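Chains as they are written, first to last, in our numbering: chain Z, 364 to 678; chain H, 364 to 678; chain Y, 364 to 678.
A hint or two may mislead.
[To be verified] Far from chain Z, some chain H residues (derived; all Cβ distances over 12 Å):
(1) 381
(2) 388
(3) 391
(4) 430
(5) 455
(6) 459
(7) 479
(8) 480
(9) 543
(10) 576
(11) 585
(12) 612
(13) 628
(14) 652
(15) 674
[Unchecked claim] Calculated pairs, EDC-like style, for lysine to aspartate or glutamate (alpha carbon to alpha carbon, straight line, at most 16 Å):
(16) Y/522 <-> Y/381
(17) Y/494 <-> Y/372
(18) H/612 <-> Y/449
(19) Z/612 <-> Z/571
(20) H/531 <-> H/559
(21) H/445 <-> Z/650
(22) Y/613 <-> Z/449
(23) Z/621 <-> Z/647
(24) Z/445 <-> Y/646
(25) Z/483 <-> Z/444
(26) Z/613 <-> H/449
(27) Y/445 <-> H/468
(28) Z/612 <-> H/449
(29) Z/445 <-> Y/650
(30) Z/392 <-> Z/676
(31) H/541 <-> H/614
(32) H/385 <-> H/523
(33) Z/541 <-> H/449
(34) Z/481 <-> Z/571
(35) Y/445 <-> H/650
(36) Y/452 <-> Y/435
(37) Z/522 <-> Z/381
(38) Y/613 <-> Y/568
(39) Z/528 <-> Z/559
(40) Y/612 <-> Z/449
Rather than coming from a laboratory, the hints here were simulated on the basis of the structure. Being a predicted model, the structure only gives us computed values, none of them experimental. Glycine included, every Cβ here is placed at the ideal spot set by N, Cα and C.
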Amino acid sequence: MKNFIYTSDIVDLNNFIDKSIKLKQLPNKYSMMGNNKTLGMIFFNPSLRTRLSTQKAAQNLGIKAITMNFNDEGWPIELEDKVVMDQNKSEHIKEAARVMSIYCDFIAVRAFPSLESKKKDLEDKVINGFKRYASVPVINMESSIAHPLQALADAITIKENKKNKSPKIVLSWAPHPKALPHAVANSFVNITKRMDAKLTITHPEGYELNSDVTNGVYVTNDQNEAFKNADFIYAKNWSSFNNYGKVFKKDLDWMITKSKMNLTNNAKFMHCLPIRRNVVASDEVIESNNSLILNQVENRIYSAQSVLKTIIENG
Amino acid sequence: MKNFIYTSDIVDLNNFIDKSIKLKQLPNKYSMMGNNKTLGMIFFNPSLRTRLSTQKAAQNLGIKAITMNFNDEGWPIELEDKVVMDQNKSEHIKEAARVMSIYCDFIAVRAFPSLESKKKDLEDKVINGFKRYASVPVINMESSIAHPLQALADAITIKENKKNKSPKIVLSWAPHPKALPHAVANSFVNITKRMDAKLTITHPEGYELNSDVTNGVYVTNDQNEAFKNADFIYAKNWSSFNNYGKVFKKDLDWMITKSKMNLTNNAKFMHCLPIRRNVVASDEVIESNNSLILNQVENRIYSAQSVLKTIIENG
Amino acid sequence: MKNFIYTSDIVDLNNFIDKSIKLKQLPNKYSMMGNNKTLGMIFFNPSLRTRLSTQKAAQNLGIKAITMNFNDEGWPIELEDKVVMDQNKSEHIKEAARVMSIYCDFIAVRAFPSLESKKKDLEDKVINGFKRYASVPVINMESSIAHPLQALADAITIKENKKNKSPKIVLSWAPHPKALPHAVANSFVNITKRMDAKLTITHPEGYELNSDVTNGVYVTNDQNEAFKNADFIYAKNWSSFNNYGKVFKKDLDWMITKSKMNLTNNAKFMHCLPIRRNVVASDEVIESNNSLILNQVENRIYSAQSVLKTIIENG
Chain Z
364 MKNFIYTSDI VDLNNFIDKS IKLKQLPNKY SMMGNNKTLG MIFFNPSLRT RLSTQKAAQN
424 LGIKAITMNF NDEGWPIELE DKVVMDQNKS EHIKEAARVM SIYCDFIAVR AFPSLESKKK
484 DLEDKVINGF KRYASVPVIN MESSIAHPLQ ALADAITIKE NKKNKSPKIV LSWAPHPKAL
544 PHAVANSFVN ITKRMDAKLT ITHPEGYELN SDVTNGVYVT NDQNEAFKNA DFIYAKNWSS
604 FNNYGKVFKK DLDWMITKSK MNLTNNAKFM HCLPIRRNVV ASDEVIESNN SLILNQVENR
664 IYSAQSVLKT IIENG
Chain H
364 MKNFIYTSDI VDLNNFIDKS IKLKQLPNKY SMMGNNKTLG MIFFNPSLRT RLSTQKAAQN
424 LGIKAITMNF NDEGWPIELE DKVVMDQNKS EHIKEAARVM SIYCDFIAVR AFPSLESKKK
484 DLEDKVINGF KRYASVPVIN MESSIAHPLQ ALADAITIKE NKKNKSPKIV LSWAPHPKAL
544 PHAVANSFVN ITKRMDAKLT ITHPEGYELN SDVTNGVYVT NDQNEAFKNA DFIYAKNWSS
604 FNNYGKVFKK DLDWMITKSK MNLTNNAKFM HCLPIRRNVV ASDEVIESNN SLILNQVENR
664 IYSAQSVLKT IIENG
Chain Y
364 MKNFIYTSDI VDLNNFIDKS IKLKQLPNKY SMMGNNKTLG MIFFNPSLRT RLSTQKAAQN
424 LGIKAITMNF NDEGWPIELE DKVVMDQNKS EHIKEAARVM SIYCDFIAVR AFPSLESKKK
484 DLEDKVINGF KRYASVPVIN MESSIAHPLQ ALADAITIKE NKKNKSPKIV LSWAPHPKAL
544 PHAVANSFVN ITKRMDAKLT ITHPEGYELN SDVTNGVYVT NDQNEAFKNA DFIYAKNWSS
604 FNNYGKVFKK DLDWMITKSK MNLTNNAKFM HCLPIRRNVV ASDEVIESNN SLILNQVENR
664 IYSAQSVLKT IIENG
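For reference, chain Z alone in the conformation it holds in the complex (with noise of 0.2 Å):
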């Protein structure tokens, strides 16, 4: 593994996912592996669980992580080649990626979709340009359109917490008042493709997510049809893709309830999170015992510690 743009970046998914989870056992036990070495990450968009288990993986091993607000603490930064850079973009992304190269030994990204132009965002230009131009590895912290450490830490914990050798995963739409990315759906359906298990997604009409993501997976509209027998419920939100970036539905009729959890094989309930309590799910579903959005949260340090560490053995 050279850079984790994609989870495709991760060749043995299985024998990855058991390397995280013995790597939560003893935390510490590589806190030297890192030594000398600085991450350098970058935010173009706010962060609570990316920011902090991010910095938490690499003190772990012993990384210096550095820090930056791009567009307070920096500039705008052009993305497109051979413009005259005569308006507000203060620096070229060549520039920016090879000089976070030369102070950086790893350099993290956040970028976000802008949900108004779908030909732009799904060339998902921030993230591919710092891995074109820098000579460092380099790892999306959640790109226009994925978001490879979330699924990583969902997939770790769908194997500490399955009960059967092929759970039923069924990765359900819910409601939101905002429009959202398509990143964290995205990577969820292609990490649990690879994984033993039956993958259905649930949305209302019109909140088909690409198709070059889902195929061959088992969609339907109906909620409650998928939900039966599931052992992993897990909610998102996501805006239109069709008629992209648009918000047609926002009552709660797919709020993830108590009642419709019942509708399962008493299903884990699953969320990336921040998660609009009562909107998404009730606060019953998210208090309920069968709640893993915390070991999701923890699994997101690992989920980091790991990719470093195989970038550092890899190096």
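Using the hints provided, position chains H and Y relative to the given structure of chain Z.
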């Protein structure tokens, strides 16, 4: 000590002050104590002394500090229970506190009052919410109604500088152009009430502090009378408590001047900073040999370090 | 060296450059030198290279760096003496500098000019205020009129890359859409004047730099003439000094292009970054083998590290 929310969390104040003064002699003596521990510092409001001194205290104990400006780098949090979160709050304090507890071994929080709703501010919801939902110790870096790290630093400073067993300490209101919280005044009163000292509070009419705090303390509206025989003058502005958050006196009559200091028993001058020069106090007073403002600043390190150390020892 | 405010704080420049180049060979050789020391870095303006390279330099010496964005995370500071502080400035620079001196072993400051009042900017009040009131060493991370850490990195880069004993160095004005400070140009002129080099400055009429700085340096308005036989072309935009802060030439005539570089003695190209591509210089020039921009970036680490190390040794 499990948490440090209010000065009342210190059980044996005199002993705690003595231990803090001892720590100051050898600040790096316990530099391995915090090995592999992380302090999460979250700010809902600006900070200079608290930000730096708490980081320095953590460093002295070998604790890694991670800072986060919650408003810019995160998002607004919901404090109310059972709310349908379909407005502008992205995350509930329950999740925020529980998540921070997974990534950090201590959580330090700064959250000022609104100065709009007295009832809400008195509930001190942010710091108490973190205390309630966190599974790790929570430290108050100034809340709606208390600033115990400042008060402890002030108590250390008084103990170091008092010339008689039971000094006369005067907390004097002073002018300020903006509406300020009551937190510093509250915690100062609460801590000095427990010291061997004679406390007097003086302020213009209409600036009475919360009577639950000042209960039993001598209060006068005659600043000159108050200053007589004083050993310490602690200047501080606060907005009206009864006419909540209002400022109805902006002239400089109550500024601490050299001629007022001349009424005292060669009193030391104290203020928590930042200080508006020639508004709260004159340049002359601030720069005089009797000014202890930088001693207070320095003791902020040992106040925070003593709290962190005690929490680790009790943990 | 007690402070590093201007390039003139380096007494023996040639020796200092040599020591910096030596440090670059073994950057972690002195990793215990800064044990228990804290560098406070305060930013009144954005920064990428300075922010990261100074942190990296501190890490290499084992110094803990604390960053603070003064405007967002703190408040506006008062620079004038004897002011009645009843307006928007919450703290005087006297307190800010003295407080930082208690928590930090070094203070590094970035504060750009207003480009509105030439008189005020020339006084360089923020950095000089910190120097005056701090009791610990103060380091300039770019002030109103100087950027000595950049100039030192530039001098190191020239020494490493020069092919003859006394190279011809050309500082060329180049276009930019916004009004920029004179700090980089000033410090570059000041440091190259002291090197074994032939310095030429070229700019359009009306863009004369401060004559106190350029005194004794050959200046021409003919860019083509200037480039003849040049060994180094240092491109930089600055706003008018005489017509203070004004921009009255926005066309791209003065952009550094390949055909202009062809007039030189196979000159190296330099710029401090961030660079507006195809405005300040063409893509071709920036990407050419003769471009030293990333060498300058790398030398920012050793420039800062050499300054910190020297300050510690002299302390």
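Beyond 12 Å from every Cβ of chain Z: is that where the Cβ of residue 480 of chain H lies?
Given that every Cβ of chain Z is farther than 12 Å from that of residue 480 of chain H, nearest at about 22 Å, it holds.
Compare the distance between the alpha carbons of residue 612 of chain Z and residue 449 of chain H with 16 Å, and conclude whether the hinted pair is satisfied.
holds, 13 Å
Could you grab the alpha-carbon distance between residue 621 of chain Z and residue 647 of chain Z and see if it respects the 16 Å cut-off?
Between residue 621 of chain Z and residue 647 of chain Z the Cα gap is close to 7 Å, so the pair holds against 16 Å.
Can we confirm that no CB of chain Z comes within 12 Å of the CB of residue 455 of chain H?
violated, 5 Å
Are all C-beta atoms of chain Z more than 12 Å from that of residue 430 of chain H?
violated, 9 Å
Please work out if residue 494 of chain Y and residue 372 of chain Y have their alpha carbons no farther apart than 16 Å.
holds, 13 Å
Do the alpha carbons of residue 445 of chain H and residue 650 of chain Z lie within 16 Å of each other, as the hint requires?
holds, 12 Å
Measure nothing beyond the straight line between the CA atoms of residue 392 of chain Z and residue 676 of chain Z; if it is 16 Å or shorter, mark the hint as holding.
OK: residue 392 of chain Z and residue 676 of chain Z at ~14 Å, within 16 Å.
Satisfaction of hint between residue 381 of chain Z and residue 522 of chain Z, Cα-Cα up to 16 Å:
Since the Cα atoms of residue 522 of chain Z and residue 381 of chain Z sit roughly 9 Å apart, the hinted pair holds (cutoff 16 Å).
Please verify whether residue 613 of chain Y and residue 449 of chain Z have alpha carbons no more than 16 Å apart.
holds, 9 Å
Within 16 Å, alpha carbon to alpha carbon, are residue 445 of chain Y and residue 650 of chain H?
Holds. Residue 445 of chain Y to residue 650 of chain H sits at ~12 Å (cutoff 16 Å).
With a cut-off of 16 Å on the C-alpha distance, tell me whether residue 522 of chain Y and residue 381 of chain Y pass.
OK: residue 522 of chain Y and residue 381 of chain Y at ~9 Å, within 16 Å.
Checked against the numbered hints above, the structure violates hints 4, 5, 6, 27; every other hint is satisfied.
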